[in-house]
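Undergrad: Can you build the whole structure from these sequences, using the hints too?
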Amino acid sequence: MAMAAENLMVQNPETSDHKMIARDVSVYYGEAQALKNVDLDIGRNEVTSLIGPSGCGKSTFLRCLNRMNDVIDGCRVVGDITLDGHDIYDTKLDVVQLRARVGMVFQKPNPFPKSIYDNIAYGPRIHGLGEAKSDTDEIVERSLTRAGLWKEVKDRLDKPGTGLSGGQQQRLCIARAIAVNPEVILMDEPCSALDPIATAKIEELIDELRQNFTIVIVTHSMQQAARVSQKTAFFHLGDLVECGDTQQLFTNPNDERTQGYITGRFG
Amino acid sequence: MTEMSASATQIQRPDLSGKRLKRRYAAEARFRLYGLIAVFAALGTLVLLLFSIISNGYTAFAQHHIALEVTFDEAEIDPTGERDPQVLRRANYQGIARSSLRNAFPEVTERRERRALTALMSGSADQTLRELVMANPDVIGTTQRVWVKASDELDSFMKGHISRDVPESDRRIKDRDIVWIDQLIAAGNIESQFNTTFFTAGDSREPEQAGIWGATVGSFLMLFVTLVLSFPIGVLSAIYLEEFAPKNRWTDLIEVNINNLAAVPSIVFGLLGLAVFLNFFGLPRSAPLVGGMVLALMTLPTIIIAARAALKAVPPSIREAALGVGASKLQAVTHHVLPLAMPGILTGTILGAAQALGETAPLLMIGMVAFIVDIPGGFTDSATALPVQIYLWADSPERAFVEKTSAAIMVLLAFLVVMNAVAVLLRKRFERRW
Chain A
1 MAMAAENLMV QNPETSDHKM IARDVSVYYG EAQALKNVDL DIGRNEVTSL IGPSGCGKST
61 FLRCLNRMND VIDGCRVVGD ITLDGHDIYD TKLDVVQLRA RVGMVFQKPN PFPKSIYDNI
121 AYGPRIHGLG EAKSDTDEIV ERSLTRAGLW KEVKDRLDKP GTGLSGGQQQ RLCIARAIAV
181 NPEVILMDEP CSALDPIATA KIEELIDELR QNFTIVIVTH SMQQAARVSQ KTAFFHLGDL
241 VECGDTQQLF TNPNDERTQG YITGRFG
Chain B
1 MTEMSASATQ IQRPDLSGKR LKRRYAAEAR FRLYGLIAVF AALGTLVLLL FSIISNGYTA
61 FAQHHIALEV TFDEAEIDPT GERDPQVLRR ANYQGIARSS LRNAFPEVTE RRERRALTAL
121 MSGSADQTLR ELVMANPDVI GTTQRVWVKA SDELDSFMKG HISRDVPESD RRIKDRDIVW
181 IDQLIAAGNI ESQFNTTFFT AGDSREPEQA GIWGATVGSF LMLFVTLVLS FPIGVLSAIY
241 LEEFAPKNRW TDLIEVNINN LAAVPSIVFG LLGLAVFLNF FGLPRSAPLV GGMVLALMTL
301 PTIIIAARAA LKAVPPSIRE AALGVGASKL QAVTHHVLPL AMPGILTGTI LGAAQALGET
361 APLLMIGMVA FIVDIPGGFT DSATALPVQI YLWADSPERA FVEKTSAAIM VLLAFLVVMN
421 AVAVLLRKRF ERRW
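Chains A and B supply the protein sequences, listed in that same order. Each residue of the first sequence is one higher than the one before, starting from 1 at the first, in the numbering used here. Each residue of the second sequence is one higher than the one before, starting from 1 at the first, in the numbering used here.
Just so you know, the hints here were simulated from the structure itself, not pulled from any lab data. These numbers were taken from a predicted model, which means no experiment stands behind them. By construction, the Cβ of each residue, glycine as well, lies at the ideal position given by its N, Cα and C atoms. One or more of the hints may lead you astray.
Stated by the list, open to error - Here are the simulated lysine-lysine pairs, BS3-like style, with alpha carbons at most 30 Å apart:
| no. | chain 1 | residue 1 | chain 2 | residue 2 |
| --- | --- | --- | --- | --- |
| 1 | A | 92 | B | 247 |
| 2 | A | 114 | B | 174 |
| 3 | A | 201 | A | 154 |
| 4 | B | 428 | A | 92 |
| 5 | B | 428 | B | 312 |
| 6 | B | 329 | B | 428 |
| 7 | A | 108 | B | 247 |
| 8 | A | 92 | A | 159 |
| 9 | A | 36 | A | 108 |
| 10 | A | 108 | A | 201 |
| 11 | B | 312 | A | 159 |
| 12 | B | 247 | A | 133 |
| 13 | A | 114 | B | 312 |
As the list claims (entries may be wrong) - With the C-beta cut set under 8 Å, the calculated list includes, among others, these residues of chain A facing chain B:
| no. | residue |
| --- | --- |
| 14 | 28 |
| 15 | 30 |
| 16 | 69 |
| 17 | 127 |
| 18 | 129 |
| 19 | 177 |
Unchecked claim - Label-pair distances were calculated between CB atoms; the ranges are:
| no. | chain 1 | residue 1 | chain 2 | residue 2 | range |
| --- | --- | --- | --- | --- | --- |
| 20 | A | 151 | B | 430 | 28 to 34 Å |
| 21 | A | 212 | B | 312 | 34 to 40 Å |
| 22 | B | 12 | A | 78 | 51 to 57 Å |
| 23 | B | 312 | A | 53 | 43 to 49 Å |
| 24 | B | 254 | A | 74 | 17 to 23 Å |
| 25 | B | 425 | A | 101 | 40 to 46 Å |
| 26 | A | 223 | B | 355 | 56 to 62 Å |
| 27 | B | 18 | A | 160 | 25 to 31 Å |
| 28 | B | 355 | A | 74 | 34 to 40 Å |
| 29 | A | 32 | B | 254 | 25 to 31 Å |
| 30 | B | 32 | A | 78 | 58 to 64 Å |
TA: What follows is the structure in structure tokens.
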């Protein structure tokens, strides 16, 4: 493990093109192996999309990246995953700090049943950002503006976040994730519960966020992957089948299975 | 493949004949009828229960009093004339009260008869007079019309619990008593007044002097101890088991045992209290402290189970959301999960407390079935509790305790109804949807 980590650090990790690097990652739920020896590089300030049929392990891989799998009983992760060259499964690493650096947006919008303001302010508060009220106000406004939600909710910041529409709730969750200024944002099918208009807004947002964040997105929609991402990884039955530039993967896939999936022959 | 094609040739369409339809409707109507019968049977029993309790007990809230023309003779009460409270307190008010009543019936001269006459008056008449004098010494030297409590037998007679038609030998109020009572009524000297004593006094051997306040205070001291112990312990165990503990054989074992504890008969907890708290630790007998500790043991499983259910009902997405923005596990629980689970936890706690408030059996074992006149002033004073008081009064031979028993049940039920209403309100008020 140490050897592998050293090999990964030939370049200066802070400036390397790859924000996160996964090597030989396997995940087991009890006896069942959900992910088999995956090697994947996540490009800095890029959108990487993970596609594949249901149960192929793409969400499992995503959840490895901020160790959300830790909370699942019986889940075991082997292999190396580094963030800026540091092993995130290092026992000395504080998982809470990791999750502050690698934020997450979930499939179903899950705002806290609190006010819109408190939803955004919660993260910064527990991480000691914006001690003063005015600082917090600024963070809330900036995050909501970046998530494209500020205009819609600025007059009702004290209303519960659960009262928003589905698309607004999901943008609220994105705003909540970027409020703590993470370096990487993981999105687990963020548009699966939304209508096409709300989806379009979120996709637009993802494209803007790319300037400042590294984004990994799991999606079931190949059109979405084609629209928002620069890199695409295709998973099938726990294997990473193919990974490359989105353009190239969709037009000229190397693997037969990828070809079959993107043309709709299975999946 | 051949089977499939064979079945395809003879497809069975659903039977839509009227006969089947009718049978289905009949079954549904029958089921609804059974349901209604069950509901009405349950409601009927409840109404019957409440009716019998209230019709038996409402009379206990009133008490008959006798008016006496009392001459507060200075020579008898305060011979020195200094109005020294010590002297005033020690005067012979019993004698004054008795002679006042006798004066109203000058024709009664025979010793036995005179004793029977004064027995119509409560033994507490002297206290009434003493309090009057102590509060206002100016009455000394005057003659006042004073209402004193009637005896429980006169009271029962006036309330119709003792009938005139019963042969004299079978009733406690004799014919000559009835003559005197009629005279008192004719003179307007018997009156029914609100029974404040019932709500302010402790227990007594004399029904007209017995009250529920001592037992109420005992019950609430006990409930306080119960909640102070069982709420934090129960909620912390639930949080640990639900949110932090690994799921393995040990936690399964603990869970099974907690569920079993909830089903243990309460008297067993009483035995445990007797053996451990009283005999081993030497804590005082009959004390709300020990009663509360025993009831806390009994309430704990209820609270743990309710709290775990409430925690489990909080959707995992909330935990993930909190963890996703970098909250620690403890922060996720205390900032998000616990506040959302609190209404459910409180509801469970209140229901557990209501159960504890109505519990008698474990208290029998630790000596709380005791005749205690004083209102308990602290957690280690001897005390009794509402359900135990009901048990004690139900066991008393005097007719007047029958209505007291029912009245005490009404007081206990009122507390239980209030607690359950609070639980329902909490649930309604803080119910959240996600």
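Undergrad: Could you tell me which of the hints above the structure violates, numbers in ascending order?
TA: 2, 4, 8, 12, 14, 15, 16, 18, 23, 27
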